[in-house]
Amino acid sequence: MEALKLTKKDFTSDQDVRWCPGCGDYAILSTVQKIMPDLGVPPHDVVFVSGIGCSGRFPYYMNTYGFHSIHGRAPGFATGLKVSRPELSVWLVSGDGDAMSIGGNHLIHILRRNVDINILMFNNRIYGLTKGQYSPTSEIGKKTKSTPMGSLDRPFNPLSLALGAGASFVARAVDRDLGHLQEVIRAANAHKGTSFVEIYQNCNVFNDGAFSQFTEKETKDDTVLYLEHGKPLIFGKNKDKGIVMRGAHPEVVTIGGEGGVLESDIVVHDETVPTPHYAFMLSQLQYPKFPEPVGVLRSVEQPTYDEMANEQIRRAKEAANGSSSLEKLLNSGDTWTVE
Amino acid sequence: MVEAGAGSREDTARPSQELESVVIRFAGDSGDGIQLTGTQFTNTSFIAGNDLSTLPDFPAEIRAPAGSLAGVSGFQLQLSSQEVHTPGDTPDVLVCMNPAALKVNLPLIEKGKVILLNTSTFNSANIKKAGYEENPLEDGTLDDYQVFPVDITALTLGALEDSDLSQKEKTRCKNFFALGLLYWLYNRKMDTTEQWLNKKFSKAPELAAANIKVMHAGYNYGVTTEMFASTYEVKPAQIQPGKYRNVTGNTALSLGMVAASQLSGLPVFLGTYPITPASDILHDLARFKNFGIVTFQAEDEIAGVCSAIGASYGGSIGLTSTSGPGLALKSEAMGLAVIMELPLVVVDVQRGGPSTGLPTKPEQADLLAAMFGRHGECPAVVLAPATPADCFDIAIEAVRLATKYMTPVIILSDGFIANSSEAWHIPEVDTLPDLSVRFTVAEDGKGPFTRDPETLSRPWIRPGTPGLTHRVGGLEKDFNTGNVSYDPDNHEKMIRTRAAKVAGIAKDIEPAQVVGPESGDVLILSWGSPAGTVRRALEVFQKEGASVAGCHLRHLNPFPADLGQVMAKYRHVVIPEMNLGQLRMLITANYDVRPVGINKVKGQPFRVSEIVDPVRRLLQGVH
Ligand SMILES: Cc1ncc(C[n+]2csc(CCOP(=O)(O)OP(=O)(O)O)c2C)c(N)n1
Ligand code: SF4
Ligand SMILES: [Mg+2]
Numbered sequence: 001m002e003a004l005k006l007t008k009k010d011f012t013s014d015q016d017v018r019w020c021p022g023c024g025d026y027a028i029l030s031t032v033q034k035i036m037p038d039l040g041v042p043p044h045d046v047v048f049v050s051g052i053g054c055s056g057r058f059p060y061y062m063n064t065y066g067f068h069s070i071h072g073r074a075p076g077f078a079t080g081l082k083v084s085r086p087e088l089s090v091w092l093v094s095g096d097g098d099a100m101s102i103g104g105n106h107l108i109h110i111l112r113r114n115v116d117i118n119i120l121m122f123n124n125r126i127y128g129l130t131k132g133q134y135s136p137t138s139e140i141g142k143k144t145k146s147t148p149m150g151s152l153d154r155p156f157n158p159l160s161l162a163l164g165a166g167a168s169f170v171a172r173a174v175d176r177d178l179g180h181l182q183e184v185i186r187a188a189n190a191h192k193g194t195s196f197v198e199i200y201q202n203c204n205v206f207n208d209g210a211f212s213q214f215t216e217k218e219t220k221d222d223t224v225l226y227l228e229h230g231k232p233l234i235f236g237k238n239k240d241k242g243i244v245m246r247g248a249h250p251e252v253v254t255i256g257g258e259g260g261v262l263e264s265d266i267v268v269h270d271e272t273v274p275t276p277h278y279a280f281m282l283s284q285l286q287y288p289k290f291p292e293p294v295g296v297l298r299s300v301e302q303p304t305y306d307e308m309a310n311e312q313i314r315r316a317k318e319a320a321n322g323s324s325s326l327e328k329l330l331n332s333g334d335t336w337t338v339e
Numbered sequence: 001m002v003e004a005g006a007g008s009r010e011d012t013a014r015p016s017q018e019l020e021s022v023v024i025r026f027a028g029d030s031g032d033g034i035q036l037t038g039t040q041f042t043n044t045s046f047i048a049g050n051d052l053s054t055l056p057d058f059p060a061e062i063r064a065p066a067g068s069l070a071g072v073s074g075f076q077l078q079l080s081s082q083e084v085h086t087p088g089d090t091p092d093v094l095v096c097m098n099p100a101a102l103k104v105n106l107p108l109i110e111k112g113k114v115i116l117l118n119t120s121t122f123n124s125a126n127i128k129k130a131g132y133e134e135n136p137l138e139d140g141t142l143d144d145y146q147v148f149p150v151d152i153t154a155l156t157l158g159a160l161e162d163s164d165l166s167q168k169e170k171t172r173c174k175n176f177f178a179l180g181l182l183y184w185l186y187n188r189k190m191d192t193t194e195q196w197l198n199k200k201f202s203k204a205p206e207l208a209a210a211n212i213k214v215m216h217a218g219y220n221y222g223v224t225t226e227m228f229a230s231t232y233e234v235k236p237a238q239i240q241p242g243k244y245r246n247v248t249g250n251t252a253l254s255l256g257m258v259a260a261s262q263l264s265g266l267p268v269f270l271g272t273y274p275i276t277p278a279s280d281i282l283h284d285l286a287r288f289k290n291f292g293i294v295t296f297q298a299e300d301e302i303a304g305v306c307s308a309i310g311a312s313y314g315g316s317i318g319l320t321s322t323s324g325p326g327l328a329l330k331s332e333a334m335g336l337a338v339i340m341e342l343p344l345v346v347v348d349v350q351r352g353g354p355s356t357g358l359p360t361k362p363e364q365a366d367l368l369a370a371m372f373g374r375h376g377e378c379p380a381v382v383l384a385p386a387t388p389a390d391c392f393d394i395a396i397e398a399v400r401l402a403t404k405y406m407t408p409v410i411i412l413s414d415g416f417i418a419n420s421s422e423a424w425h426i427p428e429v430d431t432l433p434d435l436s437v438r439f440t441v442a443e444d445g446k447g448p449f450t451r452d453p454e455t456l457s458r459p460w461i462r463p464g465t466p467g468l469t470h471r472v473g474g475l476e477k478d479f480n481t482g483n484v485s486y487d488p489d490n491h492e493k494m495i496r497t498r499a500a501k502v503a504g505i506a507k508d509i510e511p512a513q514v515v516g517p518e519s520g521d522v523l524i525l526s527w528g529s530p531a532g533t534v535r536r537a538l539e540v541f542q543k544e545g546a547s548v549a550g551c552h553l554r555h556l557n558p559f560p561a562d563l564g565q566v567m568a569k570y571r572h573v574v575i576p577e578m579n580l581g582q583l584r585m586l587i588t589a590n591y592d593v594r595p596v597g598i599n600k601v602k603g604q605p606f607r608v609s610e611i612v613d614p615v616r617r618l619l620q621g622v623h
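One line per chain: the protein sequences are E and L, in this order.
Per the working numbering: the first sequence = residues 1 to 339.
Per the working numbering: the second sequence = residues 1 to 623.
It is worth saying that the hints were derived from the structure and are not from the lab.
Just so you know, even glycine gets a beta-carbon here, dropped at the ideal spot from N, CA and C.
Fair warning: there could be bad hints in the mix.
Claimed, not checked - Interface residues of chain L toward chain E, partial, derived using beta-carbon atoms under 10 Å:
1) 109
2) 110
3) 372
4) 392
5) 428
6) 564
To be verified - Subject to a maximum C-alpha distance of 30 Å in a straight line, what follows is the list of computed DSSO-like cross-link-like pairs (lysine-lysine):
7) L:543 <-> L:493
8) L:507 <-> L:543
9) L:493 <-> L:111
10) L:213 <-> L:203
11) L:128 <-> E:5
12) L:404 <-> E:317
13) L:129 <-> L:170
14) L:602 <-> E:328
15) E:34 <-> E:143
16) L:111 <-> L:446
17) L:543 <-> L:569
18) L:446 <-> E:8
19) L:446 <-> E:328
20) E:289 <-> E:239
21) E:317 <-> L:168
22) L:446 <-> E:9
23) E:328 <-> L:404
24) E:143 <-> E:5
25) L:170 <-> L:199
26) L:189 <-> L:129
27) L:189 <-> L:213
28) E:220 <-> E:34
29) L:243 <-> E:317
30) E:231 <-> E:289
31) L:170 <-> E:317
32) L:543 <-> L:235
33) L:189 <-> L:168
34) E:289 <-> E:328
35) E:239 <-> E:143
36) L:199 <-> E:317
37) E:328 <-> L:189
38) L:243 <-> E:328
39) L:203 <-> L:168
40) L:189 <-> L:203
Sequences are here, hints too, so could you generate the full structure?
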């Protein structure tokens, strides 16, 4: 049987997209719309939940069910929806401020619970919608309208934060590398449990070029480390650089040549390591000392909250063995009859 | 020696005096098993056919130092051969298990009443901890009361002389001595409590046996000592025939939610965060998973309400339960449910505020917060149960309105209703309303904001429905299409429509119920937990033939459609409430009426006299 083939158009709503021209959000939207038809879920079984921010507008542009909620709280809505309707494919779109400032508490808890939801966090290291204040992922010393002398607080590392909260799937992609972004989102969708995907997203109006070192041709080969399961951590224009461990510390080395190491000494990527130490080490690789990893850092099977919650209900019903009558319930406990 | 079946009258010599009603207050350290003792006396008296009302009075601290004033726990109950509406104003009998309990409770009791004391605990350390300079048993403090000093701890240990239990375990049985003694004093049988003990300690039968033994020892102490001149008897009440059980407000509310789920065919999803005095709703519903009830203990109140709204969007009955501080946290998300027009039930079990306030004490000071505590023009339905048992019906009503009108509904319970209990006439399931819901499908030809012309409600479309994908959100939506709209006229139209939808519910609720004369001098207009006290006050006026009527509101937004006409028939409208006049403010704003307020914010329910006296003064001014 040949099901009706869905196309990108089937997932595109009739609403005008209102982001600034040149915003990285366009590329992400287009990528998601493009891969949706391949995921085997009809538009009406997909729900996009978002918070507030430029990223929060995302659901309006998808021809699926959409729920544009309030600032930072999307994980709560998404959790209630997924637990009560586990058969739906639930996606959560958030920003760096939405997910890591106002919604930080909810983010760590959804990750810890491992609710089967795909989180796409658009990290532009700025508050876009409110016109350019620094965010919890902005670098120290960031000069913005709200921090004319530079910001003082240390930024969060979103991947490390997610791993610290016990996330079962952690990945990163960049808005300018669409092929890779596609792959990462597909992997996130395939993972059962909360998938946390940080997407480096350019806000060309308030933080233009925040990620240019990872996107520009001249630099990106030396600044981006593509993670591939089972492949060594090798990067560089000539594929001659890699990561080795010296004791507990990662180090960038050159492969071959005089004084270089053997390719077999390079750490081989394994996204399935049960403990989070290795993925955490990867998450801490930061430019300029290291290339920054993109791809799937961690993907491990863990029971999901939605499944377990529904399993408890199933077991409770089974134990009651069909005798859960309202009549019986109301008449339970110490009762007495007045004649 | 105690024989099985003891508890029948063995001392026929002692006269038994018949009482219409009696108010008993058990008080002691929180470790003394006071709540349990009170509950046992309550259940036994229910089964004996009395009408009853109870009020547990917990300390705010879970483990206050033993013997301290902060650690005193109380349980008051009124049993009667007549209909009971309150746990009673002042105790006729005060049982004090330690000096601190005496210190805290003595101000509650009138001169001449009975105080039963566990003298074993009146040592100098405990006396000092209670803040007494001298031993109150000896310095004349209790001269004006009928005091019955009993060495309860010593007698308990004596009764368990042969037992292998540790000293500590033996001492812990002492509340059952007091209970046994009261069973004797009020001619009660002990079998209900015996059965309960045997069940509770089925894994430790030696503890069941010890407690039973001590209870009998207490009972026999009454039989053999000459301390009490007579015993008392409260005859069964004239109660509507039917099957009954004892329920607290929180339990009745939980049962009501299960019923609403069954009657609507929809699962209930409770997203919540623990807070006194609302947590028992979570505890109760968590046990009803076999009815498909989902309970989610979220990371905070915000996530709690958000998850409930997410579940409502998915087609469940989204429910969240909280108290004042949590209501404040939920307000932004409730606004989202208002603009998205999704069903949601928010239970606020009110406690003393602001801030942490008096967390274990009741207050009614969240009414205006429920009405207006959200930004923007943000109408929600507001309901309030009158009594613990009424929480069952209010839960069903809340679900009916939330799903029919696609609106948040706030239930304002309070710490008194939540924790106190009364006999509940268990309804027949087939008398309960049909709450069935039909989700909109593509074949209905409706968009997400196509309103029902009658109710102004929008369709409930579950994600997963083919052909109806759409987006909802906090941005204003176009009246026709439901797409985002920044149009000024559309915004005003939507605001007025949402307001009209909620206001229109007045047509769909019970009219104002008047008790007493249909017109006259005074109408006592009440809401929430003062209901019982107001009923007692009305009985007082009725006996006197005074022109005083009562109207109790269960719907606070919207008000019953005829409320204005009803109030206009009386010269005065009096509003007793446990706040500084919040309903009074709403009535003044909405009607051509200037009500008189009776306001009490002490974390304690009204006493009958506190309503009768001011109304009487008003009547005197009238004539
Ligand atoms: C409760 C609340 N506080 C503040 C705001 C204002 N606000 C809207 S979006 C935003 C920051 C968004 O930043 P981010 O999540 O990084 O999203 P971006 O716009 O960059 O995509 C703020 C502060 C709000 N809408 N609600
Ligand atoms: S402000 Fe920045 S993030 Fe927002 S739409 Fe414009 S470019 Fe994109
Ligand atoms: Mg941002």
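Quick rundown of the hints versus the structure:
Interface hint at residue 109 (chain L): violated, since its Cβ lies 30 Å from the closest Cβ of chain E, which is beyond the 10 Å cut-off. For residue 110 (chain L), the shortest C-beta to C-beta distance to chain E is roughly 32 Å, which exceeds 10 Å, and the interface hint is violated. Look at residue 372 (chain L): its Cβ only gets to about 19 Å from chain E, farther than 10 Å, so that hint breaks. The interface hint given for residue 392 (chain L) is met, as the beta carbon of that residue sits about 9 Å from the closest beta carbon of chain E, less than 10 Å.
Satisfaction of the interface hint for residue 428 (chain L) is found here, the shortest Cβ-Cβ separation to chain E being roughly 8 Å, below the 10 Å cut-off. For the restraint placing residue 564 (chain L) at the interface with chain E, the shortest Cβ-Cβ distance is roughly 37 Å, beyond the 10 Å limit, so the hint is violated. With a C-alpha separation of about 53 Å, the suggested pairing of residue 543 (chain L) with residue 493 (chain L) is violated against the 30 Å cut-off. At roughly 35 Å between alpha-carbon atoms, residue 507 (chain L) and residue 543 (chain L) are farther apart than 30 Å, so this suggested pair is violated.
Taking the CA atoms of residue 493 (chain L) and residue 111 (chain L), the gap is near 64 Å; set against the 30 Å cutoff, the hint is violated. At most 30 Å may separate the alpha-carbon atoms for a hinted pair to count; residue 213 (chain L) and residue 203 (chain L) meet this at roughly 18 Å. Restraint check for residue 128 (chain L) and residue 5 (chain E): the C-alpha separation of about 84 Å exceeds 30 Å, so the hint is violated. With a C-alpha separation of about 28 Å, the suggested pairing of residue 404 (chain L) with residue 317 (chain E) holds against the 30 Å cut-off.
Between residue 129 (chain L) and residue 170 (chain L) the CA atoms are separated by roughly 24 Å; this keeps the pair inside 30 Å, and the hint holds. Of the pairs offered as hints, the one joining residue 602 (chain L) and residue 328 (chain E) is violated, with about 40 Å between alpha carbons and a cut-off of 30 Å exceeded. With a CA separation close to 37 Å, the supplied pair residue 34 (chain E) and residue 143 (chain E) exceeds the 30 Å bound. Proximity of residue 111 (chain L) to residue 446 (chain L) is assessed by CA-CA distance (about 71 Å); at most 30 Å being required, the pair is judged violated.
Restraint check for residue 543 (chain L) and residue 569 (chain L): the C-alpha separation of about 21 Å stays at or below 30 Å, so the hint holds. Simply put, residue 446 (chain L) and residue 8 (chain E) have alpha-carbon atoms about 26 Å apart, close enough for the 30 Å limit, and the pair holds. Note on residue 446 (chain L) and residue 328 (chain E): the hinted pairing is violated, with a Cα-Cα distance of about 40 Å set against a maximum of 30 Å. This hinted pair checks out: residue 289 (chain E) and residue 239 (chain E) have alpha carbons roughly 18 Å apart, not beyond 30 Å.
Restraint check: the Cα-Cα separation between residue 317 (chain E) and residue 168 (chain L) comes to about 42 Å, which exceeds 30 Å; the hinted pair is violated. Restraint check: the Cα-Cα separation between residue 446 (chain L) and residue 9 (chain E) comes to about 23 Å, which is no more than 30 Å; the hinted pair holds. The hinted pair formed by residue 328 (chain E) and residue 404 (chain L) meets the criterion: a straight-line CA distance of about 28 Å does not exceed 30 Å. Between residue 143 (chain E) and residue 5 (chain E) the alpha-carbon distance is near 49 Å, which puts this suggested pair outside the 30 Å criterion.
Using a Cα cut-off of 30 Å, the hinted pair residue 170 (chain L) and residue 199 (chain L) holds, with the two alpha carbons roughly 19 Å apart. At most 30 Å may separate the alpha-carbon atoms for a hinted pair to count; residue 189 (chain L) and residue 129 (chain L) exceed this at roughly 37 Å. Using a Cα cut-off of 30 Å, the hinted pair residue 189 (chain L) and residue 213 (chain L) holds, with the two alpha carbons roughly 14 Å apart. Pair hint residue 220 (chain E) plus residue 34 (chain E) holds up; C-alpha atoms about 25 Å apart against a cutoff of 30 Å.
A threshold of 30 Å between alpha carbons decides the hint, and for residue 243 (chain L) with residue 317 (chain E) the separation of about 27 Å falls inside it, so the pair holds. Using a Cα cut-off of 30 Å, the hinted pair residue 231 (chain E) and residue 289 (chain E) holds, with the two alpha carbons roughly 22 Å apart. A threshold of 30 Å between alpha carbons decides the hint, and for residue 170 (chain L) with residue 317 (chain E) the separation of about 41 Å lies outside it, so the pair is violated. For the suggested pair residue 543 (chain L) and residue 235 (chain L), the alpha carbons sit about 22 Å apart, so the restraint of at most 30 Å is met.
Annotation: proposed proximity of residue 189 (chain L) to residue 168 (chain L) holds, straight-line Cα distance about 28 Å (limit 30 Å). Distance check on the hinted pair: residue 289 (chain E) and residue 328 (chain E) sit about 68 Å apart at the alpha-carbon level, beyond 30 Å; violated. For the proposed pair residue 239 (chain E) and residue 143 (chain E), the alpha carbon gap of about 36 Å is over 30 Å, so the pair is violated. Between residue 199 (chain L) and residue 317 (chain E), the direct Cα distance comes to roughly 25 Å. Compliance with the 30 Å bound is thereby established for this hinted pair.
Annotation: proposed proximity of residue 328 (chain E) to residue 189 (chain L) holds, straight-line Cα distance about 27 Å (limit 30 Å). Of the supplied pair hints, the one linking residue 243 (chain L) and residue 328 (chain E) holds, its CA atoms being roughly 12 Å apart against a limit of 30 Å. For the suggested pair residue 203 (chain L) and residue 168 (chain L), the alpha carbons sit about 19 Å apart, so the restraint of at most 30 Å is met. Distance hint between residue 189 (chain L) and residue 203 (chain L) is fulfilled; the C-alpha atoms sit about 25 Å from each other, no more than 30 Å.
The structure fails to meet hints 1, 2, 3, 6, 7, 8, 9, 11, 14, 15, 16, 19, 21, 24, 26, 31, 34 and 35 from the earlier list, while all remaining hints are met.
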